[in-house]
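**Q** Spelled out from the first residue to the last, the chains are:
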Amino acid sequence: MTTASPPVATSGGKKAQVAVQRFGTFLSGMIMPNIAAFIAWGFITALFIATGWLGWWHPIAPILGGFGNADQTGWAHAMTQLAQAAEGGATFPQYVGLVSPMITYLLPLLIANTGGRMVYGERGGVVAAIATTGVIVGTTIPMFMGAMVMGPLAALLTKWMDRIWDGKIKPGFEMLVNNFSAGILGMILAVIGFFVFGPVMTWLSDGLGAIVSWLTTNGLLPLLSIIVEPGKVLFLNNAINHGVFTPLGTQQALETGRSLLFLVEANPGPGLGILLAFTFFGVGMAKASAPGAIIIQFFGGIHEIYFPYVLMKPILVIAAIAGGMTGVATNAVFGSGLRAPAAPGSIIAVLIQTAGESNFGPGWGYVGVILSVVLAATVTFLVASVFLLRTRRRDLAMEGAGDLSAAIAQTEANKGKSSQALSGLRDRAQADAAAEGTSIGDEVTAAGVAAGAVLTGRRVDSIVFACDAGMGSSAMGASVLRNKIKKAGVEGVTVVNKAIANLDGSADLIITQNQLTDRARAKAPEAIHVSVDNFMNSAKYDEVVDLVREQHQDEH
Amino acid sequence: MAREVLSTGQVRIHSDGASRDQAMKEAADMLEAAGAVTSAYYDAMQQRERTVSTYMGNELAIPHGTNETKDAILDSALAVIRYDGGVDWDGEPVTFVIGIAGKGDEHLEILSQIAILFSDEDEVARLKSAGSPEELFSMLASVNES
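Residue numbers (this note's numbering), protein chains in the order written: chain P, 13 to 568; chain B, 56 to 201.
Each computed DSBU-like pair below joins lysine-lysine, with the alpha-carbon atoms no more than 30 Å apart:
id : chain 1 : residue 1 : chain 2 : residue 2
1  : B       : Lys183    : P       : Lys552
2  : P       : Lys535    : B       : Lys125
3  : B       : Lys183    : P       : Lys496
4  : P       : Lys496    : B       : Lys158
5  : B       : Lys125    : P       : Lys180
6  : B       : Lys158    : P       : Lys171
7  : P       : Lys498    : B       : Lys183
8  : P       : Lys499    : B       : Lys183
9  : P       : Lys180    : B       : Lys158
10 : B       : Lys125    : P       : Lys182
11 : P       : Lys498    : B       : Lys158
These aren't lab readings, by the way, just hints derived from the structure by calculation.
Produce the complete structure using the sequences and hints provided.
**A** Here's what the structure looks like:
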């Protein structure tokens, strides 16, 4: 490993692309570990809301879906809230159910916690969740975006705060200071989030609304997709649909009996196209999970499920935009639309709400709406497939020349915890693949996908060698690796040694002797862990050098 | 600074071998004689060895204490012993035993040089061919200037 990597010609565009991919990887890294919760919520929603598959099942659906009248049902044990009846305006105790609390609290808090952990370990995750609670109740729409902003931010602030008194706390008071400082910071951030995010979200919704009105009145409807599709994958889908299109569309529907605005966001076509593209041309976990996601997305109407797939490869938003525009244009040509909002945006809800009327006479409305979904899906699928195929060879290589990484991830998942041997194997597979790759952004992204989490996609700037005392072995290992990294011509990576007891969330990659790896992992669960059996002459060092060289070669 | 951590008197070459405990005892005694550790340090080394072996690879072992036994360290010093007959270090073949007493960070500089030296198998062969403790010492110390 003495040859320096050849300087890579970097244009501004390439750098921006890498930056966008990193950002996308970071965002999807916050969400992918929580996909199970999305799936649980997606099924509960698809099954138990009033328009769900089991929506007819009284009294189970009204209780779980959260729309039943507790006074009429007789199940007196569940949480209720006061609601106003649609007719008459009388109030009644309505079941809270599972759907709304899960999307309002559970999912954003999980995202915030994961985001916080990625930035500053367990401690960052806790403060992130506290702060995000303020954001959630300070706004009126599900706060995925707030969680993705506040989560990492809160953790970053915690990290900065801890630096202030790092090493200055009297022995014995660490626990007290750590808990109270994090608690107080969390409290302050929750209050700030409460008051800041509400107005910001309202402002954002109003702004989007103004743009949409302008585009609508100027007959530029297909351009809506340029705003809507990126907004959707940032989890602004509900804000856009309920905040903008529902009021505008309802107004139109009152005048003409139908509106295509109801379909701009709710058209399940683009999401279907993305997921189909992953089903056929994806790699690893993304490919394996895409078919299941289609059921939840297309039939269940839970669009959230496909957003992480786009975030993994942000360029795919172009495919979604192309499909969305196709759908809108199709409806514009046919003059077709929905009578009322399709909620959730499943193909079933869409067809139930479709207005038969159209520019071409009665009945043609169905043709227009169905075509808008089919064409949107087709166009998205074709464009997304091109993007996926273009990087497929590299993605496959990144997967470990086959499905090795996926298999390892699967095995680890089955075992319920990551084993050192397996992670070593995966590190090797990815390092090998990285050696022949070209674009680091794609590899970082693919690595994130392969691991099903952000861990291996994590950018490595700081490496810590840890041993028991931080006196001998780790210092020597750190020297050897530092020397190798220097020889490889990589800059900007720090290698230090520490006692395991002093590990914190600041290390990206931690190297330990294999007997100590479990202890190190317990102290710093967010870092990438590499175990070695030989500090002097470990092949693992060369893999680590390859990894950081790949990640850093674009920068100098 | 590094010179003070490792001096000529703290480098030895034995033509025969030793057991792991004998080697550790000798290293601890050398460090104690240099005024770097108290007599409790041999037990500290034993304790550390029970949790994780200090075998580093490339025929090198670096016995030292644990985080909890830092009280036994008075000053930073290294003790280098070459056993040409070899030492069985928990089943691993060891030729070089470097006892470490680290107070603060002053020993880390030379330790890191030694690490880089030992990570290169050609250098290890060269160190094994050194004919006298003085020659071995100069090889270990000269890395400071490179």
